[in-house]
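> Sequence:
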Amino acid sequence: MPKNKKPQGGRPNFEPRYGANKTSFHDRHAGRPEGGRADAGAKRPSSPRSSSTSDRGVDRRPGSKSATHRGYRPAEAESGAPKRRWSDQERAGRDEARGIRSRAESGRRETPHHQSERPRTDGRRFNDDRPRFNSDRGAERPRFNDDRGAAERPRFNDDRPRRDDRARQDERPRRDAGASTGSRYQGDRPRFNNDRGGDRPRYNSDRPAERGGDRPRFNSDRATERPRYNDDRPRRDDRGRQDERPRRDAGASTGSRYQGDRPRFNSDRPAERPRFNDDRPRRDDRARPDDRPRRDDRERTDGRPRYEDRPRVNSDRPQRDASTGSATGSRHQGDRPRRDDARRDDRGPRRDDRGPRRDDRGPRRDDRRSEPRASRDDWNKTSSTAKFEKTEDVVHERLEAKTIAAPEVDGVTFADLGIGSNIVEVLKELGASSPFAIQAATIPSILEGRDVLGRGRTGSGKTIAFGAPLVERVLKSQAGKRREYGRKPRAIILAPTRELALQIDRTIQPIARSVGLFTTQIYGGVPQGRQVGALMKGVDIVIGTPGRIEDLIKQRKLDLSDCRIAVLDEADHMCELGFVEPVQRILRHTQEGSQKLLFSATLDREVAALVDEFLVDPAVYEVSGEDQDSGTIDHRVLVIEHRDKAEILTSMVDRAGKTLVFARTRAYAETLAEQFDDAGIPAAALHGDLNQAKRTRNLERMTSGRVQVLVATDVAARGIHVDDIDLVIQADAPDEYKTYMHRSGRTGRAGRAGRVVTLITRQRQRRMTELLGRAEIDAPFESARIGDDIIEEITGRMPSNDEITA
DNA sequence: AAAAAAG
1 MPKNKKPQGG RPNFEPRYGA NKTSFHDRHA GRPEGGRADA GAKRPSSPRS SSTSDRGVDR
61 RPGSKSATHR GYRPAEAESG APKRRWSDQE RAGRDEARGI RSRAESGRRE TPHHQSERPR
121 TDGRRFNDDR PRFNSDRGAE RPRFNDDRGA AERPRFNDDR PRRDDRARQD ERPRRDAGAS
181 TGSRYQGDRP RFNNDRGGDR PRYNSDRPAE RGGDRPRFNS DRATERPRYN DDRPRRDDRG
241 RQDERPRRDA GASTGSRYQG DRPRFNSDRP AERPRFNDDR PRRDDRARPD DRPRRDDRER
301 TDGRPRYEDR PRVNSDRPQR DASTGSATGS RHQGDRPRRD DARRDDRGPR RDDRGPRRDD
361 RGPRRDDRRS EPRASRDDWN KTSSTAKFEK TEDVVHERLE AKTIAAPEVD GVTFADLGIG
421 SNIVEVLKEL GASSPFAIQA ATIPSILEGR DVLGRGRTGS GKTIAFGAPL VERVLKSQAG
481 KRREYGRKPR AIILAPTREL ALQIDRTIQP IARSVGLFTT QIYGGVPQGR QVGALMKGVD
541 IVIGTPGRIE DLIKQRKLDL SDCRIAVLDE ADHMCELGFV EPVQRILRHT QEGSQKLLFS
601 ATLDREVAAL VDEFLVDPAV YEVSGEDQDS GTIDHRVLVI EHRDKAEILT SMVDRAGKTL
661 VFARTRAYAE TLAEQFDDAG IPAAALHGDL NQAKRTRNLE RMTSGRVQVL VATDVAARGI
721 HVDDIDLVIQ ADAPDEYKTY MHRSGRTGRA GRAGRVVTLI TRQRQRRMTE LLGRAEIDAP
781 FESARIGDDI IEEITGRMPS NDEITA
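UniProt numbering applies: residue 1 is where the first sequence begins, and numbers increase by one.
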């Protein structure tokens, strides 16, 4: 039983409950000449997977009874089955499953397990785990005449004035338009079918992939001269105006301006200064560029990286031993708590005692700056307020990091950073021809063998930042040796969700394969046989989620004793209560002194539990000017009446463009998805009550664009990359500012405009204000009732890239 | 509250 599933008496939550008495959208609209979905239905009359509603339990037997369906199979037509495909043994197993042959008779060949899985009607397997012909095939095939035509889609409210006329024309290419005009839209909008074939690695999973000249409209206008971060911030339409390469560019336009705000470790600060202070950068401070003292190294705009600034390590890998550590440039070795101390009970999360109010942020920050900080005692310091106050939204102290400004890495190549030519080549193919700031910062340190903490905005290229050097290092560590059968993995990457593990593997695998290394995914929800088989053959890099990895370790099917590199993606999340213990146990299985790499967009001292135990003199990096709010995302808060919520939500998702809706619970996510379906808006759900096959498929349906609405729990909050989500709706406001940041980071990727709308009730305004303060995000609050123009305005067309350029 | 473990 998976840990995250409640015992259901054998019944998955969301399968049998629906369907039987429900009418799917499909049924209701089948045959209607207008209406995109109906069209799709007409083409695939009884495809068991053609309607999203069917995912929630319309119970159909595999194979269609309809002679018009391509899955058509006569009721008793076994003789027509492609028998030649089956060996004698298989056929025997099939017969046995039907009960034609008794067990006693066939004792010689007790049914192998794989045979017992077969449905008795036919030799073919139509298990849920197996990709359906009808549904999955469509993903890889352009369907120009299907249901994506926005105008044909059944509307949620037919009485309402249609947005189509004014809103959909420019913003959202129709499929058929794209087909007829070929490249017309390629310039500013990656098309699913062009950019990412089903099998192709999603290289841009964690970074904007389109950095080259394939986006001509963008390159002409980078909007870099416009002042930003001042109090009269540009309107959102302008703010959305970013280059295709936002990270680089954001840094380029703003980077030097902020350097003074976040002093460098090596230049501005005495070396003894504790690495971790408790202040997050305040926007208000950054908003006064003129007040800020200029920095000497601001002049550093010649494109050369400041690598000489980076602490160098000469030995291949720092040892835990303090003496060696100090020799390798450790700044904290001396006062670093020993392991035992590190587990002190009183180290609790610090309550945010700084207060959320923006107006007093600046001065308070200065106060804190002047606070004397003696040593790493900071690590274990508990705020006095924490003893008697406990809130949901805990703000941990920010990790003090060496800040990399994007301009510093201009002109640097992956090869300069120490990445081998094969990998460089693959990275180029993946769309990463030159490193982003976070990559340029972390790669050399990782190659040196140092422990690294990396913080980069959502979608800033973190996967490659650890993936490329990891592969390079694994390669070097076994140079000259041949890859033995059954070799133990040399590196492990842990992710908090299965979807993220999959996505990471899609990026890492091509890199690894280019140098002859093998990766495998180890995560739950799927049979372990394949995974174990891969491990037995021997893999070099394991990517997975904690549960199954620990399971296989216990079963002695996974041996991490030779594992020299361990990566935690979304590390702060992995350190949350209930997550951290398995992670710690897994890390303890890795080789003594293995290199640890921790990455997250919201990396803070929540990772202290791991850092104290496992990391040696970590190098901490972040990219300046890369706060969430400096991106291309427009944040809004709608204050609504609770009774209006359902209707407002439905009207909001009835729009052109991909919409991701976050709900707090699985049940509500499911409810909403069904509600949208019932309103004629095809929607998929993604949450932990679905089996893994449905999770994977539903996410893929969103990625491929077959549905435009995905309703998810926070399983989708972190790391998941889907192209072209231009609206994130938080049906339930998050409780933590980090959750807000990660959820909103699902849009505004690749420098595109995106919007985040959070629905709250009046009672929640105060909490929401505080949360936004902690997330350092400006968002206007607006009241809305059903049918208000504001709703349509918000969910209508995004500020398009064309407009931005115009 | 969600996420993460069966065969």
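These are calculated hints, taken from the structure and not from any lab test.
Heads up, some of the hints might be wrong.
Below, computed lysine-lysine pairings styled on DSS-like, alpha-carbon distance capped at 27 Å [to be verified]: (1) LYS402 / LYS488; (2) LYS428 / LYS476; (3) LYS537 / LYS554; (4) LYS557 / LYS537; (5) LYS476 / LYS557; (6) LYS481 / LYS402; (7) LYS537 / LYS488; (8) LYS557 / LYS488; (9) LYS488 / LYS476; (10) LYS537 / LYS476; (11) LYS537 / LYS481.
> Check each numbered hint from earlier against the structure, then list the numbers of those it violates in ascending order.
Violated hints (numbers, rising): 1, 6; every other hint is consistent with the structure.
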